Amino acid sequence: MKYINKNSALAQEFWEKGYVEDCPIYDFHGHMHEMFGGYLPAGEPEQMLHTMKRAHIESFIFSSHLALYSAEIGERANQEPVKKYGRPLRAYLGVKSYDIDFERDRKALEENPDVYAGCKFLTDYYGVRLEDPRHTPYWEYLNEHKLLALCHTWGGSAFDGPENVRKVAHAYPDVTIICGHSMHSLWDEAIDVAREYPNVYLELTAVMDDRGVLEKFVRALGSERIVFGTDLPWFSTFHYIGCILDADITDDDRRNIFYRNGQKLMARFQ
Amino acid sequence: MVFYDANLSYGTEFNVSRTPPLPCRTIAELDDALERAGVTGGLVRTLAADMSGVVVGNRMLAEDLKTVRADLYGMYTLVPRYTNELPSPEDLPGVLKAWKMPVLRMNPRTHRFLPKAGVLREYLGMAADLKIPVMLDTTCGITLDECYDLLCAYPTLTAILAYSNIWPADRYYRPFLSQFPNLRMELSSMITDQGIEDLVRVYGAQRLLFGSRFPSMYIGGQQLMLRCAEISDADKKLIAGENLRNMIAAGVSADAEVLK
Numbered sequence: 001m002k003y004i005n006k007n008s009a010l011a012q013e014f015w016e017k018g019y020v021e022d023c024p025i026y027d028f029h030g031h032m033h034e035m036f037g038g039y040l041p042a043g044e045p046e047q048m049l050h051t052m053k054r055a056h057i058e059s060f061i062f063s064s065h066l067a068l069y070s071a072e073i074g075e076r077a078n079q080e081p082v083k084k085y086g087r088p089l090r091a092y093l094g095v096k097s098y099d100i101d102f103e104r105d106r107k108a109l110e111e112n113p114d115v116y117a118g119c120k121f122l123t124d125y126y127g128v129r130l131e132d133p134r135h136t137p138y139w140e141y142l143n144e145h146k147l148l149a150l151c152h153t154w155g156g157s158a159f160d161g162p163e164n165v166r167k168v169a170h171a172y173p174d175v176t177i178i179c180g181h182s183m184h185s186l187w188d189e190a191i192d193v194a195r196e197y198p199n200v201y202l203e204l205t206a207v208m209d210d211r212g213v214l215e216k217f218v219r220a221l222g223s224e225r226i227v228f229g230t231d232l233p234w235f236s237t238f239h240y241i242g243c244i245l246d247a248d249i250t251d252d253d254r255r256n257i258f259y260r261n262g263q264k265l266m267a268r269f270q
Numbered sequence: 001m002v003f004y005d006a007n008l009s010y011g012t013e014f015n016v017s018r019t020p021p022l023p024c025r026t027i028a029e030l031d032d033a034l035e036r037a038g039v040t041g042g043l044v045r046t047l048a049a050d051m052s053g054v055v056v057g058n059r060m061l062a063e064d065l066k067t068v069r070a071d072l073y074g075m076y077t078l079v080p081r082y083t084n085e086l087p088s089p090e091d092l093p094g095v096l097k098a099w100k101m102p103v104l105r106m107n108p109r110t111h112r113f114l115p116k117a118g119v120l121r122e123y124l125g126m127a128a129d130l131k132i133p134v135m136l137d138t139t140c141g142i143t144l145d146e147c148y149d150l151l152c153a154y155p156t157l158t159a160i161l162a163y164s165n166i167w168p169a170d171r172y173y174r175p176f177l178s179q180f181p182n183l184r185m186e187l188s189s190m191i192t193d194q195g196i197e198d199l200v201r202v203y204g205a206q207r208l209l210f211g212s213r214f215p216s217m218y219i220g221g222q223q224l225m226l227r228c229a230e231i232s233d234a235d236k237k238l239i240a241g242e243n244l245r246n247m248i249a250a251g252v253s254a255d256a257e258v259l260k
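Protein chains in written order, with the numbering used here: chain A, 1 to 270; chain B, 1 to 260.
Source of the hints: derived by calculation from the structure; they are not laboratory data.
Note that the structure is a prediction, hence the values are computed from the model and not measured.
C-beta atoms are modelled at their ideal positions from N, C-alpha and C, and glycine is treated no differently.
One should not assume that every hint holds.
[Unchecked claim] When the alpha-carbon atoms are kept at most 30 Å apart in a straight line, the in silico DSBU-like pairs for lysine-lysine are as follows:
(1) B:K237 to A:K6
(2) B:K131 to A:K6
(3) B:K236 to B:K116
[Stated by the list, open to error] Partial selection, computed: residues in chain A whose CB lies under 10 Å from chain B:
(4) F14
(5) G18
(6) Y19
(7) A55
(8) H145
(9) W187
(10) I241
Produce the entire structure from the sequences given, and follow the hints as far as they go.
Right, dumping it as structure tokens:
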């Protein structure tokens with residue numbers, strides 16, 4: 001019996017062991033630690049590293065819930081796990097729109113070049129637009145240093161919808177903008193924005209529970225501008241791998257999404 | 001592993017905005033999809049029961065079930081008895097058996113009735129007595145609050161809770177597993193990392209059912225998650241399909257004629 005997708009040789013390989021030696025995973029959308037809005041059975045760094053090892057995750061870029069939501073704890077929650085464990089961990093500095101202090105954050109970025117790959121913008125949660133002037137020094141810094149920006153993006157949002165992404169993608173062409181959740185539900189607009197701006201990538205967290213969206217992205221955009229993400233420790237890496245193996249795309253597309261695109265984006269940090 | 005999927009559907013949605021990107025319009029398409037994914041059988045509902053109506057839809061599903069290769073069982077759609085559209089609670093078990101539809105379901109918002117214990121008491125009482133499973137699916141016109149109230153009224157009901165919320169939602173659904181001993185949880189939306197392992201530790205594998213919610217969701221996601229879960233092979237087999245088959249077998253329609 002063949003499972004998941006009898007037409008995919010890669011699916012059959014993953015079924016055997018849960019990972020494939022020459023198909024590592026690059027996860028561009030992670031978190032860590034306790035989260036106010038739900039119970040996470042495996043949110044501590046050691047538990048997550050266990051999952052990463054089993055799923056053959058070669059690169060995992062995260063921003064701790066505590067860095068994003070706790071002004072009291074802040075970037076310690078990102079820095080300590082990366083310093084303690086190193087690869088596959090890298091962090092996004094949380095741009096806390098409710099507690100902006102660019103000098104503090106610039107110092108954190110510059111003093112910890114081995115910790116950070118860029119910044120995380122969670123503007124929908126904070127009620128502040130991506131392009132808000134308070135964020136300008138962050139965008140300028142990311143642009144100057146050609147870093148990554150993982151942006152929570154959601155269809156219909158006044159803070160991080162397609163028009164907000166267009167504004168920052170246009171103004172800061174040297175920032176690699178990873179659209180977390182791919183402007184969820186406004187799939188056609190997400191494709192349009194990615195077509196318009198070569199520095200925009202679509203990311204799959206919370207996309208894969210809508211069967212058919214990935215196929216739509218790949219048909220319209222190709223698979224070179226799509227990166228893997230899970231919100232781990234929210235969502236199971238294995239669940240997301242299984243969804244991508246099930247999707248009606250080629251194994252070559254799957255490899256682009258699992259690691260090839262990620263390797264290109266992360267090459268400078270290795 | 002032998003997979004039986006507890007949450008399948010097919011049919012044509014008339015509200016275009018609710019149509020999934022890759023719909024599954026016919027039971028033949030569903031049959032092919034199950035074969036592609038290595039799923040042996042499962043529980044299926046037809047959208048026709050919600051689009052055309054319960055009388056037409058239930059009969060259509062019964063006819064369609066005769067045409068498939070997969071070992072599929074139907075979910076029979078209920079409305080309250082007061083309009084006499086469906087067989088009486090006394091006659092319904094025989095229909096379920098004859099039609100290979102051993103599970104009841106409902107869509108109160110679409111069919112416009114109150115999902116209250118008193119409104120459904122004849123059918124739910126019969127289901128509780130005969131251990132006929134009732135699917136409570138929050139994508140089908142019933143809220144989690146309403147599910148809870150129904151189960152409080154029928155705490156021994158054999159029920160399947162399909163809670164459509166991928167957000168880590170243990171605080172919502174664990175009270176159901178704790179308080180209603182005959183409730184099983186369908187796992188299509190439970191995609192939290194290490195979530196299956198944690199539920200098995202607390203409640204045991206017997207309470208969990210593999211489900212995909214195909215065609216709205218991928219089958220392969222939940223398949224690989226279960227395959228890689230850090231639980232025993234015996235527990236994986238229970239969740240993948242044995243629990244669902246046992247559940248069906250415990251109901252009124254469980255006999256050699258119905259279960260292949």
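Original post:
Which of the numbered hints are not met once you compare them with the structure shown?
Top reply: Violated: hints 2, 3 and 8.
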